[in-house]
Amino acid sequence: MTWLVPLPVIMPLLGAAVTLLLRRRPVLQRAVSVLVLSATLVVAVLLLASTATGPPLTVAVGGWAAPLGIVLVADRLAALMLVVSAAVTLCVLVYSIGQGMADGDDAVPVAVYHPAYLILTAGVTNAFLAGDLFNLYVGFEILLAASYVLITIGATRSRIRTGTTYVVVSLLSSLIFLTAIGLIYAATGTLNLAQLAGRLDALPDGLQLGLQSMLLLAFGIKAAVFPLSAWLPDSYPTAIAPVTAVFAGLLTKVGVYAIIRTQTLLFPDGPAGGVLLVAALLTMTVGILGAVAQSDIKRLLSFTLVSHIGYMLFGIGLASSAGLSGAIFYVVHHIVVQTTLFLAAGLIERRGGTTTLDRLGGLARLTPVLGVLFFVPALNLAGIPPFSGFLGKLGLLQAGVDAGGALAWVLVAGSVVTSLLTLYAIGRVWNLAFWRTPHASMPADGGARAGRALPRLMVGATLALVVLGTGLTVVSGPLFDITSRAATELRERQPYVHAVFAEEVP
Amino acid sequence: MSPNLLLVVVVGVLFAAGVTLLLERNLTRVILGITMLGNGVNLLILLGGAYGGPPIVGVTPEPRMSDPLTQAMILTAIVITLGMTAFLLAMAYRSWLLTGHDNVQDDVEDRRIMRRAERDEGLENEDEDGGQR
Chain W
1 MTWLVPLPVI MPLLGAAVTL LLRRRPVLQR AVSVLVLSAT LVVAVLLLAS
51 TATGPPLTVA VGGWAAPLGI VLVADRLAAL MLVVSAAVTL CVLVYSIGQG
101 MADGDDAVPV AVYHPAYLIL TAGVTNAFLA GDLFNLYVGF EILLAASYVL
151 ITIGATRSRI RTGTTYVVVS LLSSLIFLTA IGLIYAATGT LNLAQLAGRL
201 DALPDGLQLG LQSMLLLAFG IKAAVFPLSA WLPDSYPTAI APVTAVFAGL
251 LTKVGVYAII RTQTLLFPDG PAGGVLLVAA LLTMTVGILG AVAQSDIKRL
301 LSFTLVSHIG YMLFGIGLAS SAGLSGAIFY VVHHIVVQTT LFLAAGLIER
351 RGGTTTLDRL GGLARLTPVL GVLFFVPALN LAGIPPFSGF LGKLGLLQAG
401 VDAGGALAWV LVAGSVVTSL LTLYAIGRVW NLAFWRTPHA SMPADGGARA
451 GRALPRLMVG ATLALVVLGT GLTVVSGPLF DITSRAATEL RERQPYVHAV
501 FAEEVP
Chain R
507 MSPNLLLVVV VGVLFAAGVT LLLERNLTRV ILGITMLGNG VNLLILLGGA
557 YGGPPIVGVT PEPRMSDPLT QAMILTAIVI TLGMTAFLLA MAYRSWLLTG
607 HDNVQDDVED RRIMRRAERD EGLENEDEDG GQR
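Chains W and R, in that order, are what the protein sequence lines are. The opening position of the first sequence corresponds to residue 1 in our numbering, with each subsequent residue numbered one higher. The opening position of the second sequence corresponds to residue 507 in our numbering, with each subsequent residue numbered one higher.
There could be a bad hint or two in this list.
[As the list claims (entries may be wrong)] Here chain W is said to cover these stretches of chain R; the calculated rule only asks that three of the stretch's residues, wherever they fall, bring their Cβ under 8 Å from a Cβ of chain W: (1) 533 to 547; (2) 553 to 559; (3) 568 to 582; (4) 586 to 600; (5) 603 to 613.
Don't read these hints as lab results, they were simulated from the structure. All values derive from a computational prediction rather than experimental measurement. From the three backbone atoms N, C-alpha and C, an ideal C-beta is built for every residue, glycine too.
Start from the sequences and build out the full structure, keeping to the hints where you can.
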């Protein structure tokens, strides 16, 4: 089974090369992209099936044994993330193909889009599988480089304006990460995560705290944790709909994944839990208050994205098995739901010609399908039973109550308030865009602009994600089972270390 | 082997200058700042490894070799920084083509909401005279 481990990184990279060669053959290019991502999804499912009950799988790249060589490690957390990210990237790809075909390929320069998209996928999977800090950095850089291309695709005035902020902030966080890597190497003489797990414990407390806070700072920017989140709501909404969707779903979660990985494996007893809880509370409340104030659907959704990162941090900050399990479940739920909502926002933009709430109205009557596609994931995000958002929040609240303590109780209260405010923000979108009488500028016929009815492929891809998001409720039992076992594995640390160094840690 | 004090000072100066330039509005200066920070980080990584002769078997006796791993990491980091700088330069050029300058601009929507808050108007008010803006 171990030979499967590098495939989620290699296949998209090869696919990117092939699609680059096929830039003049759009049909073949699309076929290759879909094929590659489908294969990645299959491999990811196989990896999850193997690791769900068994030990983590490792591969020493190029046959160079750790700690000198680079290892790729697929444990339960990584495999679960791979499955969700592969499923979501595949759906978004189909959506963007539908959009590209409907637009006659003019709005999106397809020749660059497919290779960049596949490289983004490779970066994400590489970050999930990375077994040492430098490889994690390289994974981040791969996905960021591709994301720079995707967010500024078309290079219109607004995309350049927002892209500038995004690129500069991302570069800064990468440099902080790189600095942390340099310092950790100087302090311990290794960057292999399994080896670091033992060596960092031996360092003085102050030094540990310093290294930990540098990593948290770097990942906090990527994960859009308040007060490092200001870049996100400005830069995401201007990109094309599928790009915004995949960024919102995956990129911040890669940051959250990195926080989970380093917190549990490298600094399990660090004092940062309290700081994380406070950051979680602030992220939740400030994010959702921002969302309430917005009058554009995409920007509103970006703020809810920031806000709900707080829930994941809440679970990580608790550092208990239940908290981590809840956080992982919430990551899975949120990747799917947030992506779906942004895809639905893309459909709204297509149908109504804008995403500004002032100028929308009556969409529920004009296009009932769109109403369903938005309403179901919206309720899911707000945490209405029986959707997975409710189950995820319930898991986190239980973990918070179990943990006890004043801060945990404040967090529990904050989570409930944030959930209600999310419902308010979503309800506002529903009322203004879907329920009130159509705005004068809204075209009453089937297409917003001439011939711009909703393409079937786009609706189909969004529908697939809606079904997937709703399906999480159905499989929530087994899913919670996997996340709690992943959390146990993370907390024990030994399975991971043992998978990398079979005998003794050098 | 102890780290070279001169290098430590250079790292400090590069970080300070880089951060100062990052705070500028002008994208060209920001790019210079990123480059300086990148070089500072690379030197910092170099300082983290052992100091010594070229790490080639037969040239330097093993205990006196420098650490090759840090150099390999820096090589990777240099390539990445180079690519990112090239991309930023292209963006600055594009920004100059589109707007005539390459200053980093404020969040448009935020400014709009701020103005609305100053005038104490809600969304509903704007609805009624929506077309006039």
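> Where does the structure disagree with the numbered hints, that is, which hint numbers, in rising order?
Replying inline: none
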